[in-house]
Amino acid sequence: MFNIIRERMAQGYRTSKYPKVEPVLSQRFRGRPVINPQLCQPQCSLCIDSCPYGAIERIDGKVCLDMGRCLFCPTCSDICPHGALSFSKDFRLASNTRAGLVVDETEYPMVQELDARMKKLFGRSLKLRQVSAGGCNACEADLNVLGTLTYDLGRFGIQFVASPRHADGLLITGPVNENMKNALLDAYAAVPEPKLVIASGACAIGGGPFRGSPEVINQLGGVDELLPVDLYIPGCPPHPYTALDAMVRLMGQI
Amino acid sequence: MSHSKVIRFRHGAAIALSDLPTLDFATFRESLLEEVANHARVASFFGQPKNNGLDLYAVLAHDWQGELALLHTHVKDSYPALTPDCPQMHLFERELAEQYGVRPEGHPWLKPVRFHKAWVDCADIWGRDSHQHPIPGDMDFYRVEGEEVHEVSVGPIHAGVIEPGHFRFQCHGEEVMHLEISLGFQHRGIEQMLIGGPHPTTPFQLEAAAGDTTIGHSCAYSQVIESLAGREASPRAYALRAVGLELERLACHVGDAGAMAGDVGFLPTSSFCGRIRGDYLNLSADLCGSRFGRGLVRPGGVLFDLNQEQVSNMLSKLAVLERDSRGAIELCFNNPSVLARFEGVGRISADDAETLGLVGVTARASGLVRDTRLHHPIATSIKNYAAPVIEIEGDVCARGNVRRREIYASHELLRETLGNLPEGETLTELGALAPDTLAISLCEGWRGELVHCAITDANGRISRYKIVDPSFHNWSAVALALRGEQISDFPICNKSFNLSYCGFDL
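In the order they appear, the protein sequences are chains Z and V. Numbering of the first sequence is given in the numbering used here, commencing with residue 1 and proceeding in unit increments. Numbering of the second sequence is given in the numbering used here, commencing with residue 255 and proceeding in unit increments.
Nothing false has been slipped in among the hints.
Covered stretches of chain V, as calculated for chain Z (at least 3 residues, CB under 8 Å): (1) 406-416; (2) 460-472; (3) 521-534; (4) 743-756.
A short list of chain V residues far from chain Z (calculated; beta carbon distances all over 10 Å): (5) 260; (6) 362; (7) 403; (8) 740.
FYI, nobody ran anything at the bench for these hints, they're computed from the structure. C-beta: ideal position from N, C-alpha, C; glycine also.
Could you put together the complete structure from these sequences and hints?
Structural data, given as structure tokens:
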């Protein structure tokens, strides 16, 4: 007992002060992409060609980056000779809509809170059933981190529950493969109405690294091929703060 | 007698297919069994369709000689199963039956592995409609009949934030008589997507073969490609990969130690380790921007370097974390009530471990000296690993202790590697891949040995890519460990292995 108390004091108080205090992320962390139109050259397409997942496009002459497809590797920012494309340290990446994940030169909007009725129901207590549908376990691993004392998910009223019948919604990771499609639909059907669906990670948004696989649904992957999605959390995998910020904003607590 | 037929080579070499003799099946079988009797183990076994049949390749590891043996044969639609004489082949043969419709005659446990359609146009071994996608988990489960015998069925969706899999327990009261595990729910078709590659998407798919072993799998992949291109990464790149691998090992081992403590209700270690694991992941992010090592390793080297200031920064963070890890973990392993729950539970004997061909932490906890870092180091520059961590009891406690001691060993390795980073470039330009060539690479991921094999076609494109994650061998050990245990001990047994579903399912 004495040893436990002594060790507890040595380990110290570790819960982060988020959202009151901004977290300090690694120097090399790649967060929300920033496109600088002053530096971008109209005839250049190096970044567009460098992305194997087609996350970057030029629409009406302006470069746009779709964070739903982006795996946040350093390829495009490294290849840009003009310094027009870079990754900032901003971890607030999520969006209420699929189209909202596209970053261009304009300011990126934050996640909007639920409508009044849903916020009344879920704003202070959100129970989620997580379903892993063909992913790689990295998203799951960094969601589990939210339960540690650093993030302490419970203080926001969010909890991962064991049964879909106890849940207010599903948080889905993975591209949705053939072998998990039916289990996912069963879990969705078991969640009482009204319910939320959160797609977390590049796979769940658009197939991620497995886009094009014959084993993922419609060969594209993505939860919204199958279910209506209320919140998209990009990243491969999303940083725990990205996921936490998205959920807390959705509940209207920030 | 047939040793002249066996190609022996060292890890990192590439072999021209024309140098590889095709043995008739009887000789292949005899040579394979002879090699295994001479202390080789099956590292990989896979097929490739050719001339209306299937080319089979067996990779056998002679650990203490640091050598690999390669055997090659050709079969048509069936062959006498090797499993009855060499049980470690059991899943490899089931896999072949599922992928290519080739029947291993006399296989004692012939069931689907991942529930996908056959990769070639053939009749389904189990008589399912070959045009429909198979239903996962749809197979004949082993069943115990009798009064007071009951069955417990769990999954695919489990109670926590974890991956899907299906478990069937045959129980008599609390006692588990048999556990059968049916996986494949995470199957994404990775090996099939790699054919015709390397594609621009290939490194990303390999990084996500098992997300918690990103650096392990991407190292193994990069080594294969470097072997095929006939180039080596620079010593500095190897050293930075080793740093990445050890950080990955530390994060996962510390997380596992905490999870094991949590499963027996010892919350101090569970809470401390959860936080410390995250801090190790943050060190990976300090190295490459991603907590899971995404984007660090590429064929030819690594994409990130560390300057002197970053190195000393990392070393000082590691020094603090080492103290915190020790404090948190020793608390648990010095506690009699925790040890009473760990000791003697879920035991795997050394004989069983050897028979099943187990690898990694699980094998080392059962007294087998199996560590790729020791036996098959790829780089001539990395030869400093001399002390694998071995425990002999084979129980939950031993698996925990292997992790505990490997955490301390990893810190030592990191201090040494970071303190002596070789100078030089981090990325070497690779040329085209050699055509009609086979290469194999091994890498000690945190769970155990990762084996990647690639075969190129006449144009130097990948025509077959085979991945063996340590979980492929080791899931059988989870089933075995539960025999005669109480079903309430399943969580702690399972946690002590902490195997990957996606690494198995691919």
